[in-house]
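Asks: Going line by line, the protein sequences match chains G and B.
At position 257 of the first sequence the residue is numbered 257 (full-length UniProt numbering), and the sequence of numbers has no breaks.
At position 410 of the second sequence the residue is numbered 410 (full-length UniProt numbering), and the sequence of numbers has no breaks.
It should be emphasised that the hints constitute simulated quantities derived from the structure, not laboratory data.
Where a beta carbon is used, it is the ideal one built from N, C-alpha and C, also for glycine.
Wrong hints could be hidden among the right ones.
As the list claims (entries may be wrong) - The list that follows gives simulated cross-link-like pairs (lysine to any residue, SDA-like), each with its CA atoms no further than 25 Å apart:
id: 1; chain 1: G; residue 1: LYS380; chain 2: G; residue 2: ARG361
id: 2; chain 1: G; residue 1: LYS206; chain 2: B; residue 2: HIS421
id: 3; chain 1: G; residue 1: LYS206; chain 2: B; residue 2: ILE264
id: 4; chain 1: G; residue 1: LYS158; chain 2: B; residue 2: SER162
Said to hold, decoys possible - Cβ-Cβ distance ranges computed for the label pairs, FRET-style:
id: 5; chain 1: B; residue 1: ASN134; chain 2: G; residue 2: GLU155; range: 34 to 42 Å
id: 6; chain 1: G; residue 1: ALA179; chain 2: B; residue 2: PRO465; range: 35 to 43 Å
id: 7; chain 1: G; residue 1: GLY263; chain 2: B; residue 2: ILE148; range: 49 to 57 Å
id: 8; chain 1: G; residue 1: PRO157; chain 2: B; residue 2: ARG293; range: 41 to 49 Å
id: 9; chain 1: G; residue 1: GLU155; chain 2: B; residue 2: ASP532; range: 44 to 52 Å
id: 10; chain 1: G; residue 1: GLN234; chain 2: B; residue 2: VAL257; range: 53 to 61 Å
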Amino acid sequence: MFSLDQTTSAKPQVVLEFQAIILAGNQGNIYPLAADDNLPKALLPIANRPMIAYPLQWLEATGIQNIIVAICSSSEAKLTHYLRNVYEGSAHIDIVTVDEHFSTAEVLRYLAPRIFQDFIVLPCDAVANPQTAYPQRFLDSYRSANPALTALFYEPPKSEGGGGSTKDSEWPLYVGLDATQQRLLYMRPGDRVKEALNLRMPLLRKFTRLNLVTHLQDAHIYVCKKWILDLVVQKKELTSFQKDVLPLLVRAQCRPSLLETEGISAIMDAARQRHKYNQSVHEWSTTVADDPMEPELRVNLYIASSGFMGRADSVPHYCDLNKHASRLFPDDRVAKSAEINSRSQIGADSMVGNLTKVDERTSVKKSVIGAHCVIGKNVKIVNSVLMDYITVEDGAKLDGCVICNNAKIQAKAQLKDCEVGASLVVDPETQAKNERIVSSFIPSGEEGMQVNFG
Amino acid sequence: MPPKKPKQQNIEAEEKLSVVMIADSFDQQMMPLTQTTPRCLLPLCNVPLIEYTFELLAIAGIEEIFIFCCIHAQKIKDYIAQSKWSKSHSPFEVRIIVTQEAMSVGDVLRELDGKSLIRNDFILIYGDVVSNMNLAKALEAHKARRAIDKNAIMTMVVKETSPNHRTRGHQEAVYVIDDSTQQCIHYHAPRRGTDSYRTVPLSVEFFEKHPQLQLRYDLMDCQIDICSVEVPALFTENFDYQDLRRDFVTGILGSEVLDSTFYIYPIADQHAYAARVQGGQLYDAVSRDVMARWTFPLVPESNLQEGDAYVHKRDHVYQEPGVKLARTSNLERNVVIGRGSSVGDHSIISNSVIGRDCQIGDHVTIQGAYLLDGTTVAAHCTVERSILGHQTTVHSHSQIGKGCIVGDGVVVGPGIRVPDHTRLTTKAAAAAAADSDWNDSDAEDNTVVDSSRWGAESNAVIWVPSDEDDDDAEAIYQSQVNALAADLGQIRMDDQDIDDSASEASLDSLEDMDDVGGSGDEYDHFGSEVADTIDRAFSEGHAIADTLLELKGLRFANNKNNHDIRIIILPKILDQVDLSHLMPSLAAAFQRWGELIASVVNSDQDQADTLSIVKDFCLVDRARVDLFLPCVKRLYDADIVEEDMLLQWHQAAVAEKLTGGELLLHQKLQPLINWLLEAEEEDDDDSEDEDSD
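So that you can see chain B by itself, here it is in the shape it has in the complex (with noise of 0.2 Å):
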């Protein structure tokens, strides 16, 4: 140890170390609750969520943090300045820093550029993760790679899981990796109904430079993340950024002029634990696993707020003093419960967390509920699977199903049953929304119609989500499986169609499978976005290269091959021949394009293929069949056609019947490929039989 310990001084002394803690979720996965609490002061097993994330940040001796707070800023600022983080004996400096306006990691990190907080290596971090993994151990790991790779401006802190454990949260990203230097070359995050949920796409060029790569599924994303300077101001050059990994990391990667990169650190340790409580399914699952102890030692007992005073019995039940349990009440296992709570008779609670000052009445069934502080439920009422948020009051005899989630002072019956996955709110709560959301209307009907429906006393309405713009099938179906109490069973039962089509099966596509596109639908997408492209690039008088570098760029998002390109560019620079003056104007056609042709016509199948595209364009009208033997000879002399490849479409075309319009066109071609024969004799009489071939 003695040699490490100055290195680290030395470190320490040179630079201070950061973190940037984003203390907002940009989503609406734990409303009704995260309208009047910020997601990262939610209580967890009784504690806010943001005081696993100091504690993990104190143990790897972190000096400053940079808090920005979008939605309830002021909450944030009041809690941390009475907790004990603000205190003299606090490890770190906290600063906080509020932007209302920002509603995405791209927006806060623009805004941490353009302040010039940061002039270290930083750590990017959530204030809502729950982790006690060894940061330090990352840092140095992130550093160490610095020396070396200039280049690498982040880490991402990453543990092996499958994909269908409960902390992964369904995130479904695929890390291509070089397993001997942790380079995360690509990253690829299938979306639903898209291509990329089908295939991964990797480009060949990977491996010239990673000979073996790694594809790693199994990795879950901890949401931490090691970052150097150069990444704010990366966001701030791509102000188009808004998610750190679907935009910032592959926009990044796959950038031909960056030549940034990014790193994987998988979590070694086989007891290290980190997630990031994302949503209701998240909050279930890091909380039972707080309890079962896999957070060790951010475990209840170790009573991380001041004036915590849990004591860890039997079977994972931990309690507080002033406790009041009736002796015919049973706390099973895996129960968390606070001070100046009272549990009545016959009742039975087991994978749960109560908060402080509950009061449970006789004949109460809790299971897998979790009771914020100062919640009542009276008598014979079950709970099963749900949030039940701060002050709310279920009348007795109601029962709440599965996966609900109840805001703040919610009143709920006497004698109702609130159905699964049901989100309920206060009338107020929603009215207040609702002045501030210009999206009022539906709130409005549904308090009408609610007022009576959850018992005599209720002041409930459901909580209506406002429109968020991304709500493509990948967005629904991650709001849904990232539900408490999510049914996955019902979910997951239309992906089977998807992975086994049973249409990909005849032997002869078997061999191309990999490489066929994607539906009609997008391709029409693309279509028109290349269209576009070269329309503006004709109006505007675009230069080749960028062009091309724009096409380059649609045909990788939309893994698309060349052929998809010529396929709609080629008719469209035809389309600038004015065929009254057929020689000067494709002359000049090509002149300016012919480059640009050349470009994207490659092997000979391409050459192929071009004339085939060539020849349907001028099918299309009686007028263009003079167009075509000028084009032909114009994409031989450019080289972009090659004399064999020519000869051999021509005789290979001829030798099929030919008719009408195609047949006119190949007696077009006939001089040219009279010419042609004639050249070649010339030029090896030696070898006759040579085109026999």
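Just chain G, with the same shape it has in the complex (with noise of 0.2 Å):
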């Protein structure tokens, strides 16, 4: 269904030193495109590929052949059949099945007996374009500098208007790296800043100069050192790698009662022991960095200028994401199977997937449509997301909606800035605007963003 490996021309070198895990249990905040009517979050097409398979794509461009995706047992049939039957990718996928509840660090934890070597940890909404080369660099720069942690930043790209009911409130990261741009220093999520951020005196005695940055974004993506690892399993109160693990890292960088009281220094001494071991015994071990580990906790930043697109972790996002991801394939942008009335017009920056028909004086502009859709006469598309098995009868107009799977939009249909749930069927002539459309056995719209963002 979806040819992956069109874009990558020649095969990397295998990497064995590194494990990866893709994380993609939580639904996360895209209520309602990820109901259990429709697809798991991992399998929401963006640019008509599932999201899963841009990570999966990211980690095959590095080299890395040895993936653990954990799954939740709510998605664990079609994301199964996914990554085992039409997944094209050449590396080795471990599935495993994880409480729906586990927060990030709990994944990690209960993954920790599968792990023996240094690893990288990605969302699976982590979008980025296949065709660029800055994934291997991320990882040659963790192997250069050889920090305990090595988190990648990205300079997210400008929204293109969005879509769906929600406007995102979008928060600046405050990100203090040091003069060579390397180091990671500070980190603080703007919804938990009030008034003023304190910077810390030492932390300026120790790094005299000091970039403190707005423009960045966390990717989520990080190359960890085992030891990590051994820190998440014995510290049972850190829950979230991104809120919890990494910025414990980040501040016991120039703070050494940190290090003493939370036991970093205890777990770095015992992994440069085995380290050690592990050098004197297999002298041949390909598994092991060749380098000691640095005495000096480190935590660096790779930041990708260009390539890193963003997270699908909201509606708008998701949105911005398909519109962006859309220009990656020029070739195929509308599907060849498809059946397009020359007397209507696809726009240069839209897709349409297979199969799908599309009748006469219909304009499709700034969307992607997906497979198996039948688009009636005189249908206004802009904006939007279509996913698969769509039927939109003659005269509705869309404009940035997003409408999931198998949904019916009925004759002359108005619909502004809405998200419609899987299976649902927009009576004729509606008129909506910013509003969620889903099933009726989920109670109301209302209720239904509250118990997702609550």
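Using the hints, put the two standalone chains together into the complex.
Replies: What follows is the structure, encoded as structure tokens:
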């Protein structure tokens, strides 16, 4: 269904020094798209490719062969089917079902027995341009600087109008870098800052030139030393990797007292001992990094100035990423098997999937339409994402909408900035704006939102 | 180059390049040497400091210099009158302005403004700056910036230097700059014993205009500023500003009314040197740098003064003709020695400056010491890392310990040891100082005690600093570390526990650690100030906006948040309510001050916090119980507290097991709660389960 190897020209060298973990369990904040009757979040299409294909391809570009995908039971069947039968990559994928309510650190704790070397954690919603070379550079920066952890940061591309009923309240992320822009020294999400940031003087005494920027975002992709897993296992109170583990490490860099009280130095010492032992016993071993561990705790970051596009962690981001990603595949914007009436217009900024039919006098702009859809006459689709098996009847207008699988928009309905749940039928001549139109067995649009964001 | 020249001429044609030089230190760092000589006339490597500054200005093409003298004005006048700078071939015109009563840089600039001497941008410099930088470039940068940003009132010249570099003199300042424009957004001068020593507060607003900030702690303040004419005017407006950095820069940057901007000019040239001789430690550091030729071309053999004739020999030894060196004497390295001096047999001198006509006897060791003109050190003496003033005499077999400063004309010895960090002056000078100074008692006591302590022929007494008003931890620390040959190991000790206080380590507090406020002490101080503000507002009927501005100022100055304000002002306002005429007086209080409360309550948490404060207030006194419900109702009516928050807060409180007063208060609240719940049900009966959230 999706040809993925078309973009990677040369096969990268096989990399055995890392294991990768894709966190695909959490459904995140993109209700109603990732509802049980539609698709699990990891399989939501972005530019007509399942979301999880992007991180998988990202990993394949680095040559990593050993990938663990952590999924939860509700999406087990669909995801397993996709990864086993549809996905065409060459890496070895290990599927592990974890508790639905596990937070990121808990997932790592659960997976710990399977991880025996340095590892990469990445979310299933990290969308990147697979053609760029930065995944290797990212790993190379980790290899050469040899820190405890390297985090991937990116400059978010400009929003293209989003979509859906919610508008994101975008908080800046305050990120502190050293003069070489390599070390991550400070991190504070904007929603936690009241009026002022308080930077500690000891930090400045140690790093006399500190860049404090707001234009970077955390991609939630981390490559870590094995001992960080030991830390996560040992310290049960750490729940989120991004909110607890990373800030702890960032802070501990110039706070020796924290290293002691949090037991980080003990874990590092143990890791160093083990490393020495490994070197002496298996001198031929390639799975252990050759250079000795740095005595100092360092958290680095790598800034992907291009190539990384963002995370589909909210509906507006999901819509934007669809538009960004659709530009990556100029050749198959309109699938060959699609039937487009010659009197309708498909904008050069839009995509149409396999076997979709578009009738006459219909215009599609800045939108992505999935496979097996039937679009009637005189339909206007702007700035929207339509998944698969959707029917849009004559004269309907969709602007800034996300329509889930099997939905039916009846004649002359006009929707603006709406989400339409899976298998739903929107009555003829409906007029709606900023609404979530979801199946009846979920109480109401309002309620649904509160459950999701509460 | 051709296109550049006409442009420069152009500038010169339309405006004169002028300099305001402040020839006073306003401190006691170099006492007792500065009892008789102003700091700018103290010789550094046998050249008065002011000569270095003049040289820098001459190279920069300055045409006019205003020198502001306070103490020792006559000496400076006399010096300049006889120097080459007042001759006809001098590149600039020197005008001396005497302001005896000026006690700070602020006073001088106010004087400058009052006399309206300056019409263009000018360079503000001190008479004790040693630098070989290219000032013209900094000026150009400033002018270019002025053309774009009319509000750019000041460019501060800085040099990238490690915080522990010896020429930085332990100035601790963090410049928050916009890296693309070099605009200085915030200037943070940490002061020991306050919150500012532990954290740098950065307002979120900075990021709105400048998404990429740089915090620079690696910049040394060269104490050279290019100012626009607005700077003296602003000093006049803010008559309480004293210090250029701590008061002026911080004050203007923090001002919400003014949009004046500041910039830094980092000296890009790696070989450029700039430092101000601010104290003994810096006197030592700069002297060494001059001898080690970091300040080239301002080195001893350039013979800045007319009549000097130094010759550079091996190992950075600079010697004038007419020096008598005994054959077995040894000038090891880094030595400057002036005409007419003599060194006896087996004497060893290194890293030192010997003035003119100094007599150094046999078997003398001089290390890292500075002997001004006419000093005599007799046989078998040791002088280490000290400064000996003009015409001092050290009799034989004496030892001068590290970090001593000995005033002009002092005689010590024979056979005594001056302990480390002693400052000696003559009895006569001490008496003179005591006469002019009103706190004289200490000095006289010492005169009696000291008479025989410094040797049989001595006229020395210990110099006693006159009381200075800023005796906070930072000032004391500064005077300690900036003293000559300061033992940093000892002083730094007590820093460490501030840096790594282990108390902050628990993981729960990890997230919000950055927001932790100060200690209880400061809180009380802050509290009383806020309370005073409110009391004044009550008694004098201030407008809400004014009061708010004042509170905001206090809040930022003390690094507090709105909660700290609320917890003080709410009880104050509620205190205004006359309990016997509850309803009308409450209405009046809210009418008058409701807006003030509203403006310190923003987020949901603020609302809950406000309710809790009101509750606590009402719990204190039985009589206030009746106040609670109407007060909460008022808060609700004034939209200070929203319905949802009120319900949530109430339910959260009721969910816990309440006792006594609290229970009573929440029972009192029940009618309001019921009313709200009913109203809500009527409002949207289609989503009944909404408040179950």
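Asks: If a hint holds in the structure, say so; if it does not, say that too.
Replies: How the hints compare with the structure:
As the CA atoms of LYS380/G and ARG361/G are separated by approximately 9 Å, the hinted pair is consistent with the 25 Å bound. For the hint pairing LYS206/G with HIS421/B, the CA-to-CA distance comes to about 31 Å; that exceeds 25 Å, so the pair is violated. Straight-line distance between C-alpha atoms of LYS206/G and ILE264/B comes to about 22 Å, which keeps the hinted pair within the 25 Å bound. Proximity of LYS158/G to SER162/B is assessed by CA-CA distance (about 39 Å); at most 25 Å being required, the pair is judged violated.
Between ASN134/B and GLU155/G the C-beta distance comes to about 37 Å, which sits within the given range of 34 to 42 Å. Against the hinted window of 35 to 43 Å, the Cβ-Cβ separation of ALA179/G and PRO465/B comes to about 40 Å, which satisfies the hint. At about 54 Å, the beta-carbon gap between GLY263/G and ILE148/B stays in the expected band of 49 to 57 Å. A hinted range of 41 to 49 Å is violated for the C-beta pair PRO157/G and ARG293/B, which are about 53 Å apart.
Range check, GLU155/G to ASP532/B: Cβ separation about 48 Å, and the 44 to 52 Å hint holds. With their beta carbons about 54 Å apart, GLN234/G and VAL257/B fall inside the hinted range of 53 to 61 Å.
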